[in-house]
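A.B. asks: Letter by letter, the chains look like this.
Protein chains: 2
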Amino acid sequence: MNYPSETIANAVEQLSRFPGVGKKTALRLVLYLLRQNPEDVKRMSEAMNRLKTDVKYCEVCGNISDQPKCRICLSPRRDASVVCVVRDFQDIMAIENTGQYSGVYHVLGGVISPLEGIGPDEIRIAELIERVDKGEISEVLLALSANMEGDTTSFYIARKLETKPVKISAIARGISVGGELEYADEITLGRSIMQRIPYRSDSEF
Amino acid sequence: MNYPSETIANAVEQLSRFPGVGKKTALRLVLYLLRQNPEDVKRMSEAMNRLKTDVKYCEVCGNISDQPKCRICLSPRRDASVVCVVRDFQDIMAIENTGQYSGVYHVLGGVISPLEGIGPDEIRIAELIERVDKGEISEVLLALSANMEGDTTSFYIARKLETKPVKISAIARGISVGGELEYADEITLGRSIMQRIPYRSDSEF
Numbered sequence: 003m004n005y006p007s008e009t010i011a012n013a014v015e016q017l018s019r020f021p022g023v024g025k026k027t028a029l030r031l032v033l034y035l036l037r038q039n040p041e042d043v044k045r046m047s048e049a050m051n052r053l054k055t056d057v058k059y060c061e062v063c064g065n066i067s068d069q070p071k072c073r074i075c076l077s078p079r080r081d082a083s084v085v086c087v088v089r090d091f092q093d094i095m096a097i098e099n100t101g102q103y104s105g106v107y108h109v110l111g112g113v114i115s116p117l118e119g120i121g122p123d124e125i126r127i128a129e130l131i132e133r134v135d136k137g138e139i140s141e142v143l144l145a146l147s148a149n150m151e152g153d154t155t156s157f158y159i160a161r162k163l164e165t166k167p168v169k170i171s172a173i174a175r176g177i178s179v180g181g182e183l184e185y186a187d188e189i190t191l192g193r194s195i196m197q198r199i200p201y202r203s204d205s206e207f
Numbered sequence: 003m004n005y006p007s008e009t010i011a012n013a014v015e016q017l018s019r020f021p022g023v024g025k026k027t028a029l030r031l032v033l034y035l036l037r038q039n040p041e042d043v044k045r046m047s048e049a050m051n052r053l054k055t056d057v058k059y060c061e062v063c064g065n066i067s068d069q070p071k072c073r074i075c076l077s078p079r080r081d082a083s084v085v086c087v088v089r090d091f092q093d094i095m096a097i098e099n100t101g102q103y104s105g106v107y108h109v110l111g112g113v114i115s116p117l118e119g120i121g122p123d124e125i126r127i128a129e130l131i132e133r134v135d136k137g138e139i140s141e142v143l144l145a146l147s148a149n150m151e152g153d154t155t156s157f158y159i160a161r162k163l164e165t166k167p168v169k170i171s172a173i174a175r176g177i178s179v180g181g182e183l184e185y186a187d188e189i190t191l192g193r194s195i196m197q198r199i200p201y202r203s204d205s206e207f
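Chains E and V, in that order, give the protein sequences. The opening position of the first sequence corresponds to residue 3 in my numbering, with each subsequent residue numbered one higher. The opening position of the second sequence corresponds to residue 3 in my numbering, with each subsequent residue numbered one higher.
Check before you lean on any hint, since a few could be wrong.
All copies of an identical chain are treated as equivalent in the list; a pair is satisfied when it fits inside any one copy or across any two copies.
Said to hold, decoys possible - As a list, the in silico DSSO-like pairs of lysine-lysine whose alpha-carbon atoms are at most 30 Å apart:
id, residue 1, residue 2
1, K71, K26
2, K71, K25
3, K58, K26
4, K71, K54
5, K25, K58
6, K169, K136
7, K25, K44
8, K54, K25
9, K71, K166
10, K26, K44
11, K44, K58
By construction, these hints were calculated from the structure, which means they are not laboratory data. Quick caveat, the model's predicted, so the values are computed rather than measured.
All chains, full assembly: derive it from the sequences and hints.
C.D. replies: If you want it as structure tokens, here you go:
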């Protein structure tokens with residue numbers, strides 16, 4: 003592409019670093035910015051910079067937070083004896099959006115992945131065990147993705163905690179609500195049969 | 003959405019101002035930024051800010067430029083007697099990418115659009131006539147989009163220039179190269195028949 007000026011070429015180059023944004027999309031974003039007020043562009047770029055300067059992590063659970071402790075850990079309405087183990091803060095957002103969970107969280111910051119060179123010491127497993135050892139936790143709910151890395155990490159954590167006086171649970175796997183049986187993959191369908199639950203005619207989401 | 007911190011919520015809000023970027027995509031961009039080095043994020047945000055501080059417009063043609071005159075107007079290899087009239091600098095980029103044009107440009111900065119309240123005085127038509135009046139231009143090539151606003155603007159400019167000693171041309175409309183006749187819309191096909199050209203067996207793109 004022949005950009006008319008270095009400033010444009012540089013902005014296209016920089017914005018195309020975003021995931022899923024190619025040169026053409028980046029140029030569209032640049033054209034949008036050119037049409038905005040300087041203050042609006044400044045507000046946008048400052049919001050981006052603040053992500054690296056202002057975002058802190060909760061000293062208890064590792065969730066993203068503006069204060070030393072996150073909103074969830076600080077809330078008196080949350081049951082601090084149940085800890086849900088997740089990979090990232092996005093997983094917390096997803097679970098919070100269900101409105102079905104009232105415990106607290108523990109963010110690992112990743113999952114065990116030998117292929118990517120991530121071992122148990124690279125993620126916040128020691129911190130989880132430390133929290134359990136304080137004796138205030140009665141249940142650890144594993145909520146990692148159902149793939150090889152997630153399963154490995156769940157297995158590793160369960161082994162580490164098996165001698166401790168804490169209940170270990172995992173989120174249910176099965177046919178999604180509203181899902182058609184014939185389109186489910188066989189592993190999911192198999193798991194949902196193996197892990198079948200007592201039928202209750204009044205059970206609702 | 004329940005964002006874990008104000009900083010995240012604000013960044014999502016700001017990035018979702020980009021055209022075609024919703025809250026979900028903005029969150030993905032935010033997550034990407036969180037994983038980058040502070041310097042990389044800074045480089046990105048500065049490139050955005052510079053769009054409003056460093057981008058200048060060529061004093062001759064109105065193209066975007068880092069210097070007072072743009073690269074094209076400064077080039078000794080361009081034929082300054084042929085002026086191609088375009089709407090925006092993106093159109094210049096598109097034409098330059100063809101490698102088929104060696105004249106110079108005139109950027110209108112918009113097209114006449116009564117619906118949007120844009121009249122002939124809002125765009126750079128007076129500047130074009132001034133350039134023609136200097137007597138150094140032999141041909142004005144109209145290269146505006148083939149829609150109502152573009153056609154209106156071309157018509158207006160042609161009327162303004164008809165008494166001046168300058169040739170007025172327009173880019174050809176017709177079936178696109180490689181295009182199937184049966185899928186062409188009837189207006190395009192009709193125009194390409196009306197404006198037929200002598201056949202040359204050696205004609206190439």
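A.B. asks: If the cutoff is 30 Å on CA atoms, where do K71 and K166 land: within, between, both or neither? Let me know, please.
C.D. replies: This pair counts as within: shortest intra-copy Cα distance 26 Å, inter-copy 74 Å.
A.B. asks: With 30 Å as the alpha-carbon cut-off, assign the pair K71 and K54 to within, between, both or neither.
C.D. replies: Answer is within: at 18 Å inside a copy they meet the 30 Å cutoff, but 38 Å across does not.
A.B. asks: Can you tell me if K44 and K58 fall within 30 Å by alpha carbon in one copy, between copies, both or neither?
C.D. replies: For K44 and K58, both the intra-copy (23 Å) and inter-copy (18 Å) Cα distances are at most 30 Å.
A.B. asks: Give the relationship of K25 and K58 under a CA distance limit of 30 Å: within one copy only, between copies only, both, or neither.
C.D. replies: between (32 Å within a copy, 22 Å between copies)
A.B. asks: Is it within, between, both, or neither for K54 and K25, if the alpha carbons may be no more than 30 Å apart?
C.D. replies: Classified as both: same-chain Cα gap 25 Å, cross-chain 20 Å, threshold 30 Å.
A.B. asks: At most 30 Å between alpha carbons: which applies to K71 and K25, within, between, both or neither?
C.D. replies: between (40 Å within a copy, 26 Å between copies)
A.B. asks: Treating 30 Å as the Cα threshold, decide for K25 and K44: within, between, both or neither.
C.D. replies: both (22 Å within a copy, 20 Å between copies)
A.B. asks: Pop the pair K58 and K26 into one bin, within, between, both or neither, using alpha-carbon distances up to 30 Å.
C.D. replies: Cα proximity of K58 and K26: across copies only (22 Å, versus 34 Å in one copy).
A.B. asks: Classify it for me, K26 with K44: is the Cα-Cα distance of at most 30 Å met within a copy, between copies, both or neither?
C.D. replies: both (23 Å within a copy, 22 Å between copies)
A.B. asks: Quick one: K71 to K26, C-alpha cut-off 30 Å, is that within a copy, between copies, both, or neither?
C.D. replies: between (42 Å within a copy, 26 Å between copies)
A.B. asks: If the cutoff is 30 Å on CA atoms, where do K169 and K136 land: within, between, both or neither? Let me know, please.
C.D. replies: This pair counts as within: shortest intra-copy Cα distance 15 Å, inter-copy 87 Å.
Consistency note: the structure conflicts with none of the earlier hints.
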